[in-house]
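Trainee: Chain by chain, the residues run as shown.
2 protein chains.
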Amino acid sequence: MQWYFVAALLTILTSSQGILTTLSQSNGRYKYDYATVPFLAEVFKLLVSSFLLWREFRAPNPPRMTTEWKCVRLFPIPSIIYLIHNNVQFATLTYVDTSTYQIMGNLKIVTTGILFRLFLRRKLSNLQWMAIVLLAVGTTTSQVKGCGEASCDSLFSAPLQGYMLGILSACLSALAGVYTEYLMKKNNDSLYWQNVQLYTFGAIFNMARLLLDDFRGGFENGPWWQRLLNGYGLTTWMVVLNLGSTGLLVSWLMKYADNIVKVYSTSMAMLLTMVLSIYLFNFRPTLQLFLGIVICMMSLHMYFAPPSVLVDLPVTVKALPESLHEVSIDRSMEPNNQRK
Amino acid sequence: MQWYFVAALLTILTSSQGILTTLSQSNGRYKYDYATVPFLAEVFKLLVSSFLLWREFRAPNPPRMTTEWKCVRLFPIPSIIYLIHNNVQFATLTYVDTSTYQIMGNLKIVTTGILFRLFLRRKLSNLQWMAIVLLAVGTTTSQVKGCGEASCDSLFSAPLQGYMLGILSACLSALAGVYTEYLMKKNNDSLYWQNVQLYTFGAIFNMARLLLDDFRGGFENGPWWQRLLNGYGLTTWMVVLNLGSTGLLVSWLMKYADNIVKVYSTSMAMLLTMVLSIYLFNFRPTLQLFLGIVICMMSLHMYFAPPSVLVDLPVTVKALPESLHEVSIDRSMEPNNQRK
Numbered sequence: 002m003q004w005y006f007v008a009a010l011l012t013i014l015t016s017s018q019g020i021l022t023t024l025s026q027s028n029g030r031y032k033y034d035y036a037t038v039p040f041l042a043e044v045f046k047l048l049v050s051s052f053l054l055w056r057e058f059r060a061p062n063p064p065r066m067t068t069e070w071k072c073v074r075l076f077p078i079p080s081i082i083y084l085i086h087n088n089v090q091f092a093t094l095t096y097v098d099t100s101t102y103q104i105m106g107n108l109k110i111v112t113t114g115i116l117f118r119l120f121l122r123r124k125l126s127n128l129q130w131m132a133i134v135l136l137a138v139g140t141t142t143s144q145v146k147g148c149g150e151a152s153c154d155s156l157f158s159a160p161l162q163g164y165m166l167g168i169l170s171a172c173l174s175a176l177a178g179v180y181t182e183y184l185m186k187k188n189n190d191s192l193y194w195q196n197v198q199l200y201t202f203g204a205i206f207n208m209a210r211l212l213l214d215d216f217r218g219g220f221e222n223g224p225w226w227q228r229l230l231n232g233y234g235l236t237t238w239m240v241v242l243n244l245g246s247t248g249l250l251v252s253w254l255m256k257y258a259d260n261i262v263k264v265y266s267t268s269m270a271m272l273l274t275m276v277l278s279i280y281l282f283n284f285r286p287t288l289q290l291f292l293g294i295v296i297c298m299m300s301l302h303m304y305f306a307p308p309s310v311l312v313d314l315p316v317t318v319k320a321l322p323e324s325l326h327e328v329s330i331d332r333s334m335e336p337n338n339q340r341k
Numbered sequence: 002m003q004w005y006f007v008a009a010l011l012t013i014l015t016s017s018q019g020i021l022t023t024l025s026q027s028n029g030r031y032k033y034d035y036a037t038v039p040f041l042a043e044v045f046k047l048l049v050s051s052f053l054l055w056r057e058f059r060a061p062n063p064p065r066m067t068t069e070w071k072c073v074r075l076f077p078i079p080s081i082i083y084l085i086h087n088n089v090q091f092a093t094l095t096y097v098d099t100s101t102y103q104i105m106g107n108l109k110i111v112t113t114g115i116l117f118r119l120f121l122r123r124k125l126s127n128l129q130w131m132a133i134v135l136l137a138v139g140t141t142t143s144q145v146k147g148c149g150e151a152s153c154d155s156l157f158s159a160p161l162q163g164y165m166l167g168i169l170s171a172c173l174s175a176l177a178g179v180y181t182e183y184l185m186k187k188n189n190d191s192l193y194w195q196n197v198q199l200y201t202f203g204a205i206f207n208m209a210r211l212l213l214d215d216f217r218g219g220f221e222n223g224p225w226w227q228r229l230l231n232g233y234g235l236t237t238w239m240v241v242l243n244l245g246s247t248g249l250l251v252s253w254l255m256k257y258a259d260n261i262v263k264v265y266s267t268s269m270a271m272l273l274t275m276v277l278s279i280y281l282f283n284f285r286p287t288l289q290l291f292l293g294i295v296i297c298m299m300s301l302h303m304y305f306a307p308p309s310v311l312v313d314l315p316v317t318v319k320a321l322p323e324s325l326h327e328v329s330i331d332r333s334m335e336p337n338n339q340r341k
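Going line by line, the protein sequences match chains A and B.
All you need for the numbering used here is the position in the first sequence, starting with 1, plus 1.
All you need for the numbering used here is the position in the second sequence, starting with 1, plus 1.
I should point out that these hints are in silico values taken from the structure, not numbers from a laboratory.
One thing to keep in mind: the hints can contain errors.
Said to hold, decoys possible - Here chain B is said to cover these stretches of chain A; the calculated rule only asks that three of the stretch's residues, wherever they fall, bring their Cβ under 8 Å from a Cβ of chain B:
1. 102–113
2. 116–130
3. 139–146
4. 283–295
To be verified - Reference excerpt, derived from the structure (chain B facing chain A, CB under 8 Å, subset only):
5. Asn127
6. Met131
7. Ile205
8. Met208
9. Leu288
Note that beta-carbon positions come from the ideal geometry of N, C-alpha and C, so glycine has one too.
The shape of chain A in the complex, shown without the other chains (with noise of 0.2 Å):
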């Protein structure tokens, strides 16, 4: 399977998501819990990658599997990284309001391609940097209060440990998806073997927080697992799969291709979000999103096309016959070409 059929696919769900959770609401609220729908997207992904396993198992040449400890014990951490950043998240959130808190959340980003550069070692050229910078800007762009909004002083006028949490909490979350790359690629385990491991960790730790959530607010609301499915409906159980469903990509992703596809595909996936509100829930189009659409899709081409295509003067400027002769070549050799 292509990277970039299931970077597109990710895409799609990704941006499915957010507009699925809006129409899960009812006259703006949730009716059911939702902090069950991360625990049982969890419990969907382990089935899934528990069924697949199996199946690879009744294959003729059975999967690679590492179960000593010293190699399972390391599937537990990109869970509490996420512990980690969920509480920091919410000490930002007490110092900067949510819009700043979007904004700063596209600095995720640029962390994502620091880290990938310093943990994975991997190489970058200077214009892919730069496209990550763009990436970056292009989405925050697309998120500026447009005029007539409500003033947003806020975002330069929070206190300093506001800015300092903000930075904290994209390097946590950048470091999750460079470590979960890590772990994915660190051997040739089965993709699925792999996904068991951190699916149950992930499902262990969605249930400790459950239960923390019930011991804080004293149970009021009995146990988590009474009202696990209250107020339940198709959109909801839709919202799980879908959420299941794009976690099993991006896992895949972080072992066929990195993070840096990832980052572009989820910062893609909330343009198109921004647009598909334009139609559903008929929100006011603005400059800057357009601008931000711009932005990013000249820093996806920058990051992606092969430099030959970039930096070349185009074939146009070559005599007739043999550039029509040698665009089909390019073409040929360079898939990347098609995204242009």
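Mind docking chain B on chain A? Use the hints.
Mentor: Frame of chain A, contents of chain B only:
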């Protein structure tokens, strides 16, 4: 003289132009007839160029000058294009408000690139085309009305004629620039002789315009030459000298560099003016200004940095001693490197 030194000087003078013009107003209005400023600037440019031409004559080898009419008659054309442009601009403003007009003005960057390719047959790489589009996107981003400001539905709600005329005016101002570059480069006449021709016609057309205004106004303020210097202060003279000097720098760039360089310096000047206005006229700094600056800097680097710098892997990935060695070589070979 290096072209990028001239370009930097043009940026500084162009941005001080906006600031001086604002300073030359007294409580928000001009005490003098602003229409007289371009005329005096043309006269200033004509005097300077004539003097420099005269100096060239006293040199051992006299300047190259083509004097036959079939060549001279081409020099009023830029003035004629600007004349048409001014009227189109006037017509556009009857359909769209000034802020929409300002936003559409950024189209000039892209149209310049297109006419540059079509009329002057210059080849641009894919990356350079992207850089030009990004420059336009960046300047537009910096001008997006901030939140809390007046609503800008006007941006999308203007009549179609408004947008058509906006595009036409972008094409006309690009055409004037590209045609001037063609004039300056078509033969290797002395720059000063070419300037003398250009500014003689420039002065004549500005004079004609002043006279036309008088006829339109029924000479109620008397003929233009009587009120030429009415209400002129020190800053007014600085505005004139500044406008004249930028004109001289532009024609230098048209002969020894090109339109794209000019577009970059004037775009950077626009951003510089906005930054200075924060300090001088305590404007509120906006997120979109910051984003616009980042985008334009990226664009600048994409357009002018040598491809090798952009698409090669960073030198740091090679073995240490060689890498250090290579850096020094690169630097010495590629002046553009220093812009990095």
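Trainee: For the region 283–295 of chain A, does the count of residues with a C-beta closer than 8 Å to a C-beta of chain B reach 3?
Mentor: holds (count 5)
Trainee: With 8 Å as the cut and Cβ atoms as the points, is methionine 131 of chain B at the interface with chain A?
Mentor: holds (5 Å)
Trainee: With 8 Å as the cut and Cβ atoms as the points, is isoleucine 205 of chain B at the interface with chain A?
Mentor: violated (40 Å)
Trainee: Closer than 8 Å between Cβ atoms is the bar; does asparagine 127 of chain B clear it against chain A? Give me holds or violated.
Mentor: Because about 5 Å separates asparagine 127 of chain B from the closest Cβ in chain A, which is inside the 8 Å limit, the hint holds.
Trainee: Given that the region 102–113 of chain A was listed as covered by chain B, double-check it with a C-beta distance under 8 Å for 3 or more residues.
Mentor: violated (count 1)
Trainee: Next item in the hint list is methionine 208 of chain B. Is there a CB on chain A closer than 8 Å to its CB?
Mentor: violated (40 Å)
Trainee: Using 8 Å as the Cβ threshold, decide whether leucine 288 of chain B counts as touching chain A.
Mentor: Hint on leucine 288 of chain B: holds, closest Cβ of chain A at ~6 Å, below 8 Å.
Trainee: Examine the region 116–130 of chain A: at least three residues should have C-beta closer than 8 Å to a C-beta of chain B.
Mentor: That given contact holds, which follows from 5 residues of the region 116–130 of chain A lying within Cβ reach (below 8 Å) of chain B.
Trainee: State whether the coverage of the region 139–146 of chain A by chain B holds or is violated, taking the criterion as 3 or more residues with Cβ-Cβ distances under 8 Å.
Mentor: holds (count 4)
Of the numbered hints listed earlier, those contradicted by the structure are 1, 7 and 8.
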